[in-house]
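There are 2 protein chains.
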Amino acid sequence: MTAESICNQRHRERMLRKQKVVDELIAGATHDKGLLLVITGNGKGKSSSAFGMVARSLGHGMKAGVVQFIKGAFSTGEETFFRRFPDEVEYHVMGEGFTWVTQDRNRDIQAAEAGWTVAQTMLSNPAINLVVLDELNIVLKFGYLPLERVLNALHQRPAGQHVVITGRGAIRELIDIADTVSEVNNIKHAFKQGIRAQKGIEL
Amino acid sequence: MTAESICNQRHRERMLRKQKVVDELIAGATHDKGLLLVITGNGKGKSSSAFGMVARSLGHGMKAGVVQFIKGAFSTGEETFFRRFPDEVEYHVMGEGFTWVTQDRNRDIQAAEAGWTVAQTMLSNPAINLVVLDELNIVLKFGYLPLERVLNALHQRPAGQHVVITGRGAIRELIDIADTVSEVNNIKHAFKQGIRAQKGIEL
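Read top to bottom, the protein sequences are chains A and B.
With the first letter of the first sequence counted as 1, position 194 gets the number 200 in the numbering used here; the numbers rise by one all the way through.
With the first letter of the second sequence counted as 1, position 166 gets the number 172 in the numbering used here; the numbers rise by one all the way through.
None of these hints come from the bench; they were simulated from the model.
Take these hints with a grain of salt, some might be off.
Any copy will do: because identical chains look the same in the list, a pair fits if it lies in one copy or spans two.
Said to hold, decoys possible - Below 20 angstroms or equal to it, Euclidean Cα-Cα: the simulated EDC-like pairs (lysine to aspartate or glutamate) are: (1) K147 / E19; (2) K39 / E119; (3) K69 / E85; (4) K39 / E10; (5) K194 / E30; (6) K194 / E119; (7) K205 / E19; (8) K147 / E96; (9) K205 / E85; (10) K205 / D185; (11) K77 / E96.
Let the sequences and hints guide you as you build the complete structure.
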């Protein structure tokens, strides 16, 4: 046998073992469920990930609802883009700045309540297949919404409805009830090297 | 002072300190750059994150190119969705299954080469503002493409062009030249609890 054919043979064996593991996992994964996903951590890509899932959902003919609980200083590409599809995406952005921009706890709470009212409507609408609650983790961390009310609404949502909650500092109570939790960590960030937020990437 | 007004005052002070830190970071971040982002780790949301950035880019009137280096067994929502916009997104999916599905190293290398030819064209086209090389990390980890060629193409791409590379196991040489690196870790995954891949979320 040549070195190359040995290499190819080893590769084949390694991939066969891998396929076996994957096949077993697939065989064991037999039921469908409306998932609760939490995407947390301090790294770049949490909200982007949720918006990628909105794109995926639309590709399957599903409908999506988005509530952005933190409105940044700039208009965002994702909002402009998804507002192109008013029949497919219901899009709500909280009307106020937030946290360190407002420095006003009462105003923040009012804004969070207003956002939550919209979220709750989506979470009781079986026609919406995917609900994105962008940056809700921060709202919950600051205690701006009664936790009990949020957990109840998630629990009572229509069967089959997926929910994605993003933002750093996800609270333990939410992680406990989530189906999938990803933590995005910052290994390196352009911003800290003097590069400002770039359109299409951060905005 | 009431307990509530003390609480509000403390909040205000905390947020003012936070704003100062953010303001200093923003003041120091003064230049623009075509970013190289690497999204790696074993958690859910890496590719979704890249597709969210495609959505963001389109919202800003930018153009995007996508090469998916691993074609799964199922048709994906993101492909169906972004193919709606042929003038805005150039979309290429490698024609073969991959790794543990094919178990054929030579065929994988050929498929990787074909994908790379498309990627290289995008990476030399200044009209494409964002290039997503989905799952390229795995291709590089397996050594299916000459690293030197990949690094050169990234280095020589048009100024201002953003590139997002996804997939677990990003190699050190790529992390070294990236502007931003996020690692997505799996805290919990529905799949391992017997729930199969859900449309809009994983597919």
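Here's how the hints hold up against the structure:
1. K147 / E19: Answer is between; shortest inter-copy Cα gap is 17 angstroms, intra-copy 48 angstroms.
2. K39 / E119: neither (28 angstroms within a copy, 38 angstroms between copies)
3. K69 / E85: both (16 angstroms within a copy, 17 angstroms between copies)
4. K39 / E10: neither (45 angstroms within a copy, 42 angstroms between copies)
5. K194 / E30: between (36 angstroms within a copy, 18 angstroms between copies)
6. K194 / E119: Intra 35 angstroms, inter 29 angstroms, cutoff 20 angstroms: neither.
7. K205 / E19: Answer is neither; intra-copy 45 angstroms and inter-copy 31 angstroms both fail.
8. K147 / E96: Answer is neither: 25 angstroms inside a copy and 40 angstroms across each miss the 20 angstroms cutoff.
9. K205 / E85: Intra 13 angstroms, inter 22 angstroms, cutoff 20 angstroms: intra-copy only.
10. K205 / D185: Answer is between: at 15 angstroms across copies they meet the 20 angstroms cutoff, but 32 angstroms inside does not.
11. K77 / E96: within (16 angstroms within a copy, 30 angstroms between copies)
The structure fails to meet hints 2, 4, 6, 7, 8 from the earlier list, while all remaining hints are met.
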